[in-house]
Structures are given as structure tokens and as C-alpha cells.
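Dock chain X against chain A, hints included.
Protein sequence lines, in the order shown, are assigned to chains A and X.
Mind the numbering: the first sequence is residues 1 to 366 in UniProt numbering, read in order.
Mind the numbering: the second sequence is residues 1 to 366 in UniProt numbering, read in order.
Bear in mind the hints are in silico, worked out from the structure with no lab data behind them.
Capping the alpha-carbon separation at 30 Å, the derived lysine-lysine pairs in DSSO-like fashion look like this:
no., chain 1, residue 1, chain 2, residue 2
1, X, K139, A, K256
2, A, K139, X, K256
3, A, K71, A, K22
There are 2 protein chains.
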Amino acid sequence: MADPQTPFYLIDRSRLQANLDKMARLRERSGAKTLLALKCFATWGVFDQMSRFMDGTTSSSLNELRLGREKFGGETHAYSVAWADHEIDQAVGYADKIIFNSLGQLDRFADRAQGIARGLRLNPRFSTSGFDLADPARKFSRLGEWDMARLDAALDRISGVMIHYNCENADFALFSTQLDRIESEFGDFLGQLDWVSLGGGIHFTGEGYPLDALADRLRAFADRLGVQVYLEPGEAAITGTTTLELTVLDLLDNGKRIAVVDSSIEAHMLDLLIYRENATLPQDGAHDYQIAGKSCLAGDIFGDARFPAPLQVGDRISVQDAGGYTMVKKNWFNGVAMPAICIRETDGTITTVRSFSYDDYRDSLS
Amino acid sequence: MADPQTPFYLIDRSRLQANLDKMARLRERSGAKTLLALKCFATWGVFDQMSRFMDGTTSSSLNELRLGREKFGGETHAYSVAWADHEIDQAVGYADKIIFNSLGQLDRFADRAQGIARGLRLNPRFSTSGFDLADPARKFSRLGEWDMARLDAALDRISGVMIHYNCENADFALFSTQLDRIESEFGDFLGQLDWVSLGGGIHFTGEGYPLDALADRLRAFADRLGVQVYLEPGEAAITGTTTLELTVLDLLDNGKRIAVVDSSIEAHMLDLLIYRENATLPQDGAHDYQIAGKSCLAGDIFGDARFPAPLQVGDRISVQDAGGYTMVKKNWFNGVAMPAICIRETDGTITTVRSFSYDDYRDSLS
Chain A
1 MADPQTPFYL
11 IDRSRLQANL
21 DKMARLRERS
31 GAKTLLALKC
41 FATWGVFDQM
51 SRFMDGTTSS
61 SLNELRLGRE
71 KFGGETHAYS
81 VAWADHEIDQ
91 AVGYADKIIF
101 NSLGQLDRFA
111 DRAQGIARGL
121 RLNPRFSTSG
131 FDLADPARKF
141 SRLGEWDMAR
151 LDAALDRISG
161 VMIHYNCENA
171 DFALFSTQLD
181 RIESEFGDFL
191 GQLDWVSLGG
201 GIHFTGEGYP
211 LDALADRLRA
221 FADRLGVQVY
231 LEPGEAAITG
241 TTTLELTVLD
251 LLDNGKRIAV
261 VDSSIEAHML
271 DLLIYRENAT
281 LPQDGAHDYQ
291 IAGKSCLAGD
301 IFGDARFPAP
311 LQVGDRISVQ
321 DAGGYTMVKK
331 NWFNGVAMPA
341 ICIRETDGTI
351 TTVRSFSYDD
361 YRDSLS
Chain X
1 MADPQTPFYL
11 IDRSRLQANL
21 DKMARLRERS
31 GAKTLLALKC
41 FATWGVFDQM
51 SRFMDGTTSS
61 SLNELRLGRE
71 KFGGETHAYS
81 VAWADHEIDQ
91 AVGYADKIIF
101 NSLGQLDRFA
111 DRAQGIARGL
121 RLNPRFSTSG
131 FDLADPARKF
141 SRLGEWDMAR
151 LDAALDRISG
161 VMIHYNCENA
171 DFALFSTQLD
181 RIESEFGDFL
191 GQLDWVSLGG
201 GIHFTGEGYP
211 LDALADRLRA
221 FADRLGVQVY
231 LEPGEAAITG
241 TTTLELTVLD
251 LLDNGKRIAV
261 VDSSIEAHML
271 DLLIYRENAT
281 LPQDGAHDYQ
291 IAGKSCLAGD
301 IFGDARFPAP
311 LQVGDRISVQ
321 DAGGYTMVKK
331 NWFNGVAMPA
341 ICIRETDGTI
351 TTVRSFSYDD
361 YRDSLS
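Chain A extracted, bound-state conformation (with noise of 0.2 Å):
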């Protein structure tokens, strides 16, 4: 059967079951419940899989919350930087936790929130974010409380807390010594409550990472507090799973080779344009060239690659690792076609599960 028409993402179960292969090990070894952040990915075609090693689901907002519900299952745990008068009512009814982000918002919606687990967000103000963009620990951070007279005040209306403060860290090293902070500066008040969450940015399925010493420094962590231990792994449970499968249009040589490709970063991969970064491409071979996207802007570029022979129109680019808060963004900037939603079955046949078309384009206006 041919390939479906590029542009397309593509998740490989059998690489997706790689990670959660890890996931089931820490999860075992430490007694860490794990969730999976919707932020970063939710493309539910998955989650039939993904459910089986994971406790649940976490979320950012009331949609996020309702596709963990109904899709996923397990654990629900809520949060939102905001929860709004009018979606507090549904949010705690598919939600089993429910973290506000500051003590205003428990003080409003405590008592509507009374049936189910209540937390709040504590922000350590230390991070591991390389980007001040996106480091939750950043000057005037809204990102939850860390005033521990206020974070008292809470004590008799919350069970547990969320601490967010990794990203893509790889170094269980630096983690190891930043939960000691955290045990440090904040365990009095954590020894107090029922669970802990301590988030996503953990890359604990990557390479070479001593997965097993993770373990044993959370069940440390969760013995010595005599707390639940949460985490709510986003890139590490797809790192490694998926690509955008795109085809050159067109090759251009304005003193540097460029191949133009069917997508677009703005569109399909957003956080390379955000975070000004290069894509994962071929790098083998004597050929370089420029791989640009097809939209309006001039600065619409995947990155640099290198091919074993001249690229030529028609020709197939695989970008590795555009699982992660690529779908959950994409857009329809230029009305660039849709990249289709594959999956590649672990005996090898690709089944799409979602395509798009014009009218979707049409209907994502009015």
C-alpha cells in the first residue's frame, strides 16, 4: 500500500512502546504514579497503548482535562493557571485532583472543588529551563506560590502539591541535587500533605539515562516525606516516537542549496520558530542543504541536513522527534495543508487516523 500523500506526522508504536517499556520500570521501582501531560501530547489514536503503563493523565486546561477523562482514563488530575467561574463545576467533575496555581483561585473555588482532592502549585523558584521564555521560575513568575506564609494558609484545604521546575533535563545528577533543595527548603510542609507532584522536564527515557537511580531517589524522596510521588511526563513518554514526513518541491541555489518541503515550521512544528531552533535532520553524506519551509516568511527554516546523493523534487525528508508540542499546536498559518495524523502499527502498516482538508481550513474560520 503506498504511503499516505506527505505532509504527515507519523508515531511508531513500537518506539512509543520503548518508553513506556521504561515508564512501567520506574513506575515499579519507585512507586512514582506517572501522568501524561496533554500540554505536550494528545493525539488520543495512542492512547489505547499508552494507558496500559500509565497511572493518567494531567492537563492545563478544562478541554485538556475532558480529553483525559474520556480518552484516556486512570488518574485525572486538573490544573490551569485559571480556572474561570463558568468551568469550575465541570472541570471537578472529571477531575479526581483538582491544583490551583494560587492560593486566590483555592480561596474562590475551594468550596465548589470539596468533593474531590484539592492541591496547590508551589513554585520553587529554581529551574533547570535553559529558556527564559519558558522557565516557570523567572522573575514575577505567575506560575504557582512560594510565599510559605501563604502556602501555610492552604494547609487545611489542600492534600498535595504540584512542583514544575524541570525541562528536558537529562541530568540525574542536577535533579538529585535540586530535590535535596526541595526536600530542604520546603520538606516541613510537604511531610504534611499526601502527595507530591513534582511535574514534567524529566528526560528519563533518553539514552543512556540511570532510569533505576531515578527510581530509588523518588522512593527516597517518598518515604522520608510519606507521600505519593507524582510525575507528569510529557516529552519523555513520545520522545523519540514520531516524525514529519514531508517531500522536496522545489531546490533552490541563491549562494547557499535550498530544498523547499511541503510544511512548515510556523504551521507544523512550532517551537522551532518560537524557540529559534533547528529541526532534527538527515546529517549523513556530501550533499547539504537548507531545508525550508513553503510559507510567506522568510525565516520558515527546519535547519541544515546532509544527504548521501543531490536531493531531487519528489524526494522523501524524514524530521525526527516532532512528537512533542508539535500537534497540540499546529495551525493553519498560510492554509499550508494539514500534515494527516499516522501511526505506524507495530507490524509495520500505517493507519491515518486523522486528515485534513479544505473544508477544515475553511471551518477554522467563518
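Okay, now just chain X, sitting in the frame of chain A:
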């Protein structure tokens, strides 16, 4: 009648008419034709009004092209940085003119586009863009041909060119000087053509812009070269017409007073994030706040604002200049509730022409 639930984009037909009246005056005095650039604004709920004062649309993809043909009418220009083989016949079917980005694309598709007027994009190697990211004349730009030998090689197969080199250019003197350069550098070539599109990015609907001087300059250009001039306004067509209507959900004070609203720059006004700019917010009064989005992104900040009285949860805030490059690239980041699209009719009533639900979020994935 109560206003719609926030967030929503609100397009004001009276303000739109003020722009269109200027458009009509420019067309009449200059003889230039104006085509709406759909990459900037494609909300077809107001095309009925716009199409009476503009000549048609221009596009950057097959989806935009078809939308222009089906919803706007008039002259329909087709441009794309690169067409795919499987798109070209459809594109030719919808278009009056097709403008190729490269000689390579012209070579590939000129025969299949024989039935309609064909053009090339000419890159003059200078522009008014203040952002390298968006500068079509940046080094190694893939946007258009600039080598005269290559342009001459196309002459027997094209009847015009598109030259896009302005970007929110409110400076008529600069525009005129750069048009002098185009006349002196490319005049011999352009004089052999039937039409020249000068692209978009001329801010001629702005307050105090010398509209008649622009019209006269365009007419002189057209007369000197014997060409039909086209302009491709995007932002100029809709500037000042649209707000994003928001509600304050939470108030924080972490050393700075912050109001969290029910929106996100990444999801609903993406260019603020990409270009690191601030939204146009209220600036009157003694009470200052940072207006921040409700997504998980630390840098999801609209900007600083001032109000005559302290803000309260539930207060409404209008973000100005929210029409261009917003709705066309809105996305489901964090699953934040998608703004409805509303129109304020000339009698003041507000019509909701498109609203978005959980089902739209869920079905954006699979």
C-alpha cells in the same frame, strides 16, 4: 442581549468600512487594483463587505486560493513558495493568475498553467522589514528570483511579477524612494510586462498617511512602465478593526501586579510571542498590571497595562489590533478555550459567526 462568553475576537464593520473607504479612494486615484492578502486575514464572514471595495484576493497556498475564489470572488491571484505536483491543476482551476516563486517552479508547471496568466516573484534584494525573521530580502532568501539572467529567461512565459518588500511601512517617503530604486534597477525588465504587483506591507490606512501622494506615485509608476499595478494589502485592510475580548480570571502580586486572563498569546495572538512584542492594551489610569495569559508558558504575557481603577476578577479587557495574523494562526496550545469570532454590525449588535467547542479541540487531533 448579553455579550458572548469571552474570549472572542470582535470585528467592527464600521471601522472596517473606514479602511475600505480609503481603499476605494486609493484605487480610484491610482488606478491600482487591491487584493486582500489572505495570509493575514481570512475571516470570510466579512468578505461580503470587503469584496465591494477591493478587487479580489491573493494567496500563499491552495487552501487560501480556493477560499478566495469561493468566498471573496473577483480577481484571484495564486502564489505559493512552492506548489506540489498534485496541487497544480486545482490551483490553475481556481486562479486568474499564478505567480511562481522560482524559475524552477515556472519550468516545472508553466505548461500546465497555460490557460491563465503567469508571473514570477522578483526579489529586489532590499526591504523595509525590521525583523530578519520576516525579511524577504534576507541573505539566502528563498523568496523570489533576483538574477536578471534568470528573470530574462522567463520573459516569454510570464506577463507580470510580484515584488513584496514592504512590511508595515508607514513611511511614504521611504516607500517612494524604494520604488525609485525598483524603477532604476528593474525598469527595463518591468516595462516589458503587463502587470506588476507591489505586494503588501504599505500601511496606507494608518492615521495621517498621505494617501493621495501614494496614489499619485503609484499612477506615475504605472504610466511610466505601462503596467497594471496591484497591491496586496493584509494588515492595511483590517488595521484597527478587531479586538480580542478577554476576562480577568485571577489577580496576583509576586512583586508585580499580574492579571491572568482567559486567553494566551501563543494560542490566540501568536505574533506577540514570535516577535517578542507587546499587545496594544489600555494605558489610562494609575493602576498598573501585567496582563498574562492562562497557558503554562512562563512568557505568556500580553504586556503591561494601566487602568483607572483596581482590576477585579471578572473585569473585561479589550486587546486592540487583534485582526491581522491572529485568527489565521490560532491554535489549541494547552487546550485553552478558542475565541469565538464575532462581528459588531453597523447597528451595534454583535453576531457570533463561529464558536468553538470541546469537540473541535478533540477533533483537531485523533
